[in-house]
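Protein chains in written order, with my numbering: chain A, 1 to 295; chain B, 296 to 604.
Calculated directly from the structure, the hints in this document are not laboratory data. One thing to keep in mind: the hints can contain errors.
Unchecked claim - Result set (DSS-like, lysine-lysine): computed pairs, CA atoms no more than 27 Å apart in a straight line: (1) A/Lys8 x B/Lys310; (2) B/Lys378 x B/Lys540; (3) B/Lys540 x B/Lys445; (4) B/Lys508 x A/Lys100; (5) B/Lys465 x B/Lys445; (6) A/Lys131 x B/Lys540; (7) B/Lys465 x B/Lys411; (8) A/Lys101 x B/Lys508; (9) A/Lys231 x A/Lys131; (10) A/Lys231 x B/Lys465; (11) A/Lys102 x B/Lys314; (12) A/Lys100 x B/Lys310; (13) A/Lys107 x B/Lys314; (14) A/Lys231 x A/Lys100; (15) B/Lys540 x A/Lys107; (16) A/Lys102 x B/Lys508; (17) B/Lys540 x A/Lys8; (18) B/Lys508 x A/Lys131; (19) A/Lys231 x B/Lys351; (20) B/Lys410 x A/Lys8; (21) B/Lys508 x B/Lys378; (22) B/Lys310 x B/Lys410; (23) B/Lys411 x B/Lys310.
Stated by the list, open to error - A partial selection of chain B residues facing chain A, derived with a Cβ cut-off under 7 Å: (24) Phe332; (25) Thr417; (26) Ser424; (27) Arg506; (28) Phe526; (29) Asn529; (30) Glu539; (31) Tyr570; (32) Ala573.
Unchecked claim - Listing some non-contacts, in silico: residues in chain A with all C-beta distances to chain B over 10 Å: (33) Ile33; (34) Gly46; (35) Gln65; (36) Phe118; (37) Arg161; (38) Glu167; (39) Phe180; (40) Asp247.
Cβ coordinates follow ideal geometry from the N, Cα and C atoms, glycine included.
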Amino acid sequence: MREITADKAFNISNMIFILFLLAIVCYPLLYIISASISDPIAVNSGRMWLWPIGVSWEGYKRVLQSAEIWTGYRNTIVYTLLGTAINLLVTLPCAYALSKKKLIGGKVVMMLLLFTMFFQGGIIPSYLVVKQLHMVNTIWAIMIPQAAAVWYIIVTMTFFRNTIPQELEEAAEIDGCSVFGVFLRIVLPLSAPIIAVMGLFYGVGHWNEYFTALLYLSNENLYPLQLVLRKILILNQMSSMLSSVKDPLVLAEQARIAEIVKYAVMIVASLPMLIAYPFLQRFFIKGVFIGSLKS
Amino acid sequence: MLLIQNKQRASVASKRWMKQWPYYVLLAPALIYFLIFHYYPMYGVQIAFKNFLPSKGVWDSPWVGFAHFERFFNSYYFWTLIKNTVFISLYQLAFFPASILVALSINELRNDFFKKWVQTITYAPHFISTVVISGMIISFLSPFSGIVNKLIEAIGGGAIPFMTDPAWFKSVYVISGEWQNFGWGAIIYLAALAGINPELHEAAMVDGASRFKRIFYINVPGILPVIVILFILNMGSFISLGFEKIILLQNAMNMDSSDVIQTYVYRAGIQDAQYSFASAVGLFNSAVNIMLLVTFNQIARRLNDTSLW
C-alpha cells in the first residue's frame, strides 16, 4: 500500500512540473498576442500583463501599410517555395541512389557526405566560393549554397530502405522499367509522407533563415522577411512604418506605439507558421521518428 | 588463367556499371553540390596560411605560414573570445539534462491525448525564427517597457538592464535558447522511451517497484545509449555556438561578455574583409571541435561501448 501512496505523490508532482512547463512556454506567446492588440499605454506601463487591455489595431495597421514588410513577405515566399523545390530535387534522387546497398562506391559517397557534418571550410571560404560564382546579391545565393542537408538525405534514404518493397521495384525492372522509371513511377508515388516531411523541414528552414541573407544580400529589394524583421525588431529602424517628421508631438506618438508595432510584426511574420503548425506538427514528429530509428 | 579471370572480373564490373550508371545520374546534383559548396571551401581554407589576394586567387596568393594564427593567439581579445566561448558552452551543457528530464516526465503522463497536447505545445517555440526570438528577448527585457522588468518592479525589485549589462548576457542567451528548444530536444528521448519493452515495467510492478524506481532503473538505462550519442554530438559542436542568435543580441555595451570566436570571424572576415585572418580563426575553431568530438567519442567507447564510429 505504501508504494501506491508514493505513486500518487509522484503523479501529483509530475503533473505540477508539466503544468509549469506549459506555463513558461505559453506565457510569452500569449503575451505577444495580447500586447499586439492592446492599448500602447497599457503595454508600455506594464498594466497589460496577460489579457489585452483596450483593444487597438494600430500596430497591425502600421505593419500592413509598410511596403518593406510586403516586399519581405513576397521575397520569403519565393525563396521558400523555390528553395524547397531545389532541396527536394537534390535530396530525393540522391537518397534513392544511396538507399541501394549494392551501389558501387555508395559507401564512399556516404562517407563524403558524412564528413561535411563534422568538418567544414568555414564561413569565409564558403563566402568566397559564392562570391566567385557571382551569386552575391542574387536570389541564388539564398538557395543554392543550401541545396541539401546531409541529415535529411540520411533520413530520406532510411525511409526508402525501410518502406519501399524491394520486390515491387524488381518486378517493375523485369517489366522493362528503367531506373528512372522505377524512381519516378514506383518510388516517388509511394513516398508522399517523406516528401511532405522533408518539404516541411526544408521549408521552415527557408522561412526562418536570416543569416544567409545577411551574408550575401545588400540589395534591400531582395531582403527576405527575416532581414526586414531584423531591422525593425533588433536595429529599431522603423522608418517605413513611422513617419520621418521631426515634430516632437509626432515623435512622442511614435515612441508610444513602437512596442506594439513590434509585437504586431512578430505575429504577422509568424502567422503562416502559427496557422500551419497544428496541421504540420504531426508530420514533424514523423520526420524526427524516422530519423531516430536510424540512430 | 589469371588473365582470363581478370577479364571476367572486368566484364562483371562493367556489367554492374552498365546497370548502375543511372544511379549516378540521380546522385549527380547532390555530388556536384557537395563538391562545390562543401569540399571546394575546404580547399579554399588554405588561405588561412596565405595572404589572400582576390586578384591572384586562392592558389597563387603568397604563403605566410602560421602568421595569422600567431596574430590571433597574441591578440589582446584572444582570451576574451576563448573565455566567452567556453563559458557559454559550459553553461549550455549544464542544461543538457533538461530535455531528458522533460521527456521522462512527459512519458509518465497516462492520458494519451493530454500527452500529445503537452508535446505539441512544448516544442512549438522551436519553429519561431531566430530573429523573432531575439526580438522577443529584447522587447521583454527592456528596462523601460519590458514585461520582465515590469514584473520585477511589481514584486518590489528594480529594473535590470539585461541587454546592456555584460553580466547578464550569457544567462539571457542560454536560458532563452533552452526555452526555445527543450521540448524539441525531448522528442528523440520520447521516441527512445517508447521503444522500451513494456514487459520490463510489468515485471517490476509485480515486484512492487514504485514509478519513481521504475523510471530510475528501467527508463533511464533504456535511453542511455541515445543520451550518450547525443552527448557526443553535442561535444562535437561544443564551441560552435548558435552565433546567428548571438550576432542579433550583441551590442556595444555587452560585447565583453557576448563576443565569441564565430561572431569574431564574421566581423573580421565579412565586415572587415580580412579573409585570410578570419579563415585562420575559423579553422582554429573547427580544429578544436574535431578534437573534442574525437576525444569524447573515445571516452564514450571506453566507458560505455557506445560511440559514433
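Holds or violated: A/Lys100 with B/Lys310, Cα cutoff 27 Å?
holds (17 Å)
What's the verdict on A/Lys102 and B/Lys508, does the C-alpha distance respect the 27 Å limit or exceed it?
violated (47 Å)
For A/Lys231 and B/Lys465, compute the direct alpha-carbon distance and say whether it is at most 27 Å.
Holds: A/Lys231 and B/Lys465 sit about 23 Å apart, inside 27 Å.
Given as non-interface: A/Glu167, which should sit over 10 Å from chain B by C-beta
Nearest chain B Cβ is 18 Å from A/Glu167, so the label holds.
Proposed proximity, B/Lys540 with A/Lys131 (alpha carbon, max 27 Å):
The given pair, whose Cα atoms are some 24 Å apart, holds under the 27 Å limit.
If we take the beta carbon of A/Arg161, is the closest beta carbon in chain B still more than 10 Å away?
holds (14 Å)
Starting from B/Lys508, check that the Cα of A/Lys131 is at most 27 Å away, please.
Violated: B/Lys508 and A/Lys131 sit about 59 Å apart, past 27 Å.
Chain B versus A/Phe118 - minimum CB to CB distance exceeding 10 Å, so not interface:
violated (6 Å)
Using Cβ atoms only, decide whether B/Phe526 comes closer than 7 Å to chain A, and label the hint accordingly.
violated (13 Å)
Hint check: A/Lys101 vs B/Lys508, CA-CA at most 27 Å. Holds or violated?
violated (43 Å)
For A/Lys231 and A/Lys100, compute the direct alpha-carbon distance and say whether it is at most 27 Å.
This hinted pair is violated, its Cα atoms lying about 47 Å apart.
What's the verdict on B/Lys540 and B/Lys445, does the C-alpha distance respect the 27 Å limit or exceed it?
holds (25 Å)
When held up to the earlier numbered hints, the structure conflicts with 1, 4, 7, 8, 14, 15, 16, 17, 18, 19, 21, 22, 23, 28, 29, 34, 36 and 39 and fits the remainder.
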